[in-house]
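> The residues making up each chain are set out below.
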Amino acid sequence: MKRIIVIGGGTGGAVVANGLARHLKKEIRKGEVSVTVFDGAKFHEFQPAYLAVAFHGSNENAIRRPTSSLLSSSVRLVDENCSKIDLANKFVVGERSGKRSDFEYAAIAVGCIPDPSQIPGLSEANLDFHTSNHAKKIFDRISKFQGGKIVTGIAGLPYKCPPSPNESTFLLHEFFTKRGMREKVGLCFITPYLRPYPAEPMSEVIEPLYKERKIETLLGFNVESVDPIRKIVYSMEGESVSYDELFLVPPHITPDVIRRSEFSDSDGWVIANKRDLHVKDYDYAFAIGDNTNLPISKAGVEAHLEGVVVANNIAAEIKGTSERYLFTGRFQCTMETGFRKATFVVGTYDKPVKKIRPSFTNYVQKKIMAKIYWNAELGRCEWLFRMNFGRDYYDTISNGKTAAPAMSPMGQ
Amino acid sequence: MATIIVDSRGTACPGPITDLIRAYRKAANGDLIELLATDVGIKSDAKAWCERTRNELVGITEDAGTYKAVIRIVSKRGMA
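Which chain is which? The protein sequence lines are A and B, in order.
Reading the first sequence from the start, the letters are residues 1 to 412 in the working numbering.
Reading the second sequence from the start, the letters are residues 1 to 80 in the working numbering.
The set of hints was computed from the structure by calculation and includes no laboratory data.
Honestly, I wouldn't trust all of these hints.
With a straight-line cut-off of 27 Å between C-alpha atoms, the simulated DSSO-like cross-links for lysine-lysine are [what the hints assert, rightly or not]:
id : chain 1 : residue 1 : chain 2 : residue 2
1  : A       : Lys351    : A       : Lys319
2  : A       : Lys231    : B       : Lys26
3  : A       : Lys42     : A       : Lys149
4  : B       : Lys47     : A       : Lys355
5  : A       : Lys341    : A       : Lys136
6  : B       : Lys26     : A       : Lys280
7  : B       : Lys26     : B       : Lys68
8  : A       : Lys355    : B       : Lys43
9  : A       : Lys354    : B       : Lys26
10 : B       : Lys68     : A       : Lys351
11 : A       : Lys214    : A       : Lys137
12 : A       : Lys26     : A       : Lys214
13 : A       : Lys214    : A       : Lys355
14 : B       : Lys26     : A       : Lys351
15 : A       : Lys178    : A       : Lys2
16 : A       : Lys136    : A       : Lys280
17 : A       : Lys136    : A       : Lys2
18 : A       : Lys144    : A       : Lys231
19 : B       : Lys47     : A       : Lys211
20 : A       : Lys366    : A       : Lys137
21 : A       : Lys351    : B       : Lys43
22 : A       : Lys319    : A       : Lys214
23 : A       : Lys149    : A       : Lys99
24 : A       : Lys149    : A       : Lys84
25 : B       : Lys26     : B       : Lys47
26 : A       : Lys351    : A       : Lys42
27 : A       : Lys280    : A       : Lys319
28 : B       : Lys43     : A       : Lys354
29 : A       : Lys84     : A       : Lys99
Source: prediction; values computed, not measured.
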């Protein structure tokens, strides 16, 4: 019996578990393989939609479904997180039960979480739309806002969903414009980067929007602390900006179980090979999604495509077939720019970000993605992903030869 | 006074500047950050970042396709 444990049932975890269930259908039926997901969250959330909860007032119950409903019937769900992941001795320990579960293969996909505690005063002062109870509060606050200054942006690195701080700013502009009170609201976007968007080509696309919409930008602003009483944000270099409402994205960290492990780097991220996604030193353990130290953005598309790679490679090893997949580093983040327009941030490890102008068509694509997300998690939309991503869907390696040319060397 | 080595080789923009910003948060005044990158954009980005944050760009060198930007941290308020 080959026991595969997937730690985390979010975007990446569900894709890898359901992919394994498809690839190893016969083996699971014969009792030769088992796939088990550990996840203590009762609900799986479509996280990008928190922006709509915060700035459009969407119902947050509509963006979550029971975790069990997004897993194949042949996948076993253990409804608790892991308190220990021992890769060297091939076992995990359940956080609530204390029960040990052994494995032959493991995929680590526990994601990352906002950590406002890194910046003094931020927890008290800030509402973060990535956090479920904050998202609803943001909509309540802006609905009652009579005028003043709202500061948005990036409080620290790394953070998930790179376009989301920009989107939050554009959606606030749209919200107050539609209410006919935009002139009463000052919007200020702060970022430690030197451009409104970290990658230059995309920054060139959105920078005119900031100017045209009279949104102030404070670039190279490294948040040091926040004074929640006086309502002032301070930078490390002694600059400051005052606010009436503060909606920054905090720096993110991995859960404790990863940070205290021997397979994470000094900042607590899982050290993974950027192409085959092996955890460093362990050829039977893989890391996917936001909890890795991979040099790409932390977002759902990457987690999904990494899940496709890992599911194939574990199944190929068990079945003794030769074709292995490699992750291309493909990212594709939507950025809603307001008024039913959106753009995409697209690239791979080897292809730099392209300039894509905001359009209604892109906005429609974003909405379609939100609609098909649940089916995509269950593996019912891979044909669409394959068609959309083309050669970036995954790279292949067979008998030591990569099938797609012009890819960078394996490893970091 | 510490020297912090930041290895961003193999990452494309904005990878090196992201790594620099993360290292900066942990650095103290007087520390040196040595940023290694293969993305040529780091030449202009490191210079612009130092100007904006008022830190000191000690120098940028290139060797076999790897750029090394050496930055002395001097601008953090309230730090010795």
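> Decide, hint by hint, whether the structure agrees.
The hints, checked one at a time:
1. Lys351/A x Lys319/A: Not satisfied, since the Cα-Cα distance of roughly 33 Å exceeds 27 Å.
2. Lys231/A x Lys26/B: holds, 25 Å
3. Lys42/A x Lys149/A: Distance of about 37 Å is beyond 27 Å: violated.
4. Lys47/B x Lys355/A: holds, 24 Å
5. Lys341/A x Lys136/A: holds, 23 Å
6. Lys26/B x Lys280/A: Given that 27 Å is the threshold and the Cα spacing comes to 25 Å, the pair holds.
7. Lys26/B x Lys68/B: holds, 20 Å
8. Lys355/A x Lys43/B: holds, 22 Å
9. Lys354/A x Lys26/B: Answer violated: Lys354/A to Lys26/B is near 32 Å, above 27 Å.
10. Lys68/B x Lys351/A: holds, 23 Å
11. Lys214/A x Lys137/A: holds, 25 Å
12. Lys26/A x Lys214/A: violated, 60 Å
13. Lys214/A x Lys355/A: holds, 22 Å
14. Lys26/B x Lys351/A: violated, 31 Å
15. Lys178/A x Lys2/A: Violated. Lys178/A to Lys2/A sits at ~57 Å, over the 27 Å cutoff.
16. Lys136/A x Lys280/A: Outside the cut-off at roughly 40 Å; violated.
17. Lys136/A x Lys2/A: violated, 44 Å
18. Lys144/A x Lys231/A: holds, 18 Å
19. Lys47/B x Lys211/A: With a Cα-Cα distance of about 25 Å, the restraint between Lys47/B and Lys211/A holds, given a limit of 27 Å.
20. Lys366/A x Lys137/A: holds, 24 Å
21. Lys351/A x Lys43/B: holds, 20 Å
22. Lys319/A x Lys214/A: violated, 59 Å
23. Lys149/A x Lys99/A: Violated, because 51 Å separates the two Cα atoms, which is more than 27 Å.
24. Lys149/A x Lys84/A: This hinted pair is violated, its Cα atoms lying about 45 Å apart.
25. Lys26/B x Lys47/B: At roughly 20 Å apart (the allowed maximum being 27 Å), Lys47/B and Lys26/B satisfy the hint.
26. Lys351/A x Lys42/A: Measuring from Cα to Cα gives roughly 38 Å; hence the hint is violated.
27. Lys280/A x Lys319/A: holds, 23 Å
28. Lys43/B x Lys354/A: At roughly 21 Å apart (the allowed maximum being 27 Å), Lys354/A and Lys43/B satisfy the hint.
29. Lys84/A x Lys99/A: holds, 10 Å
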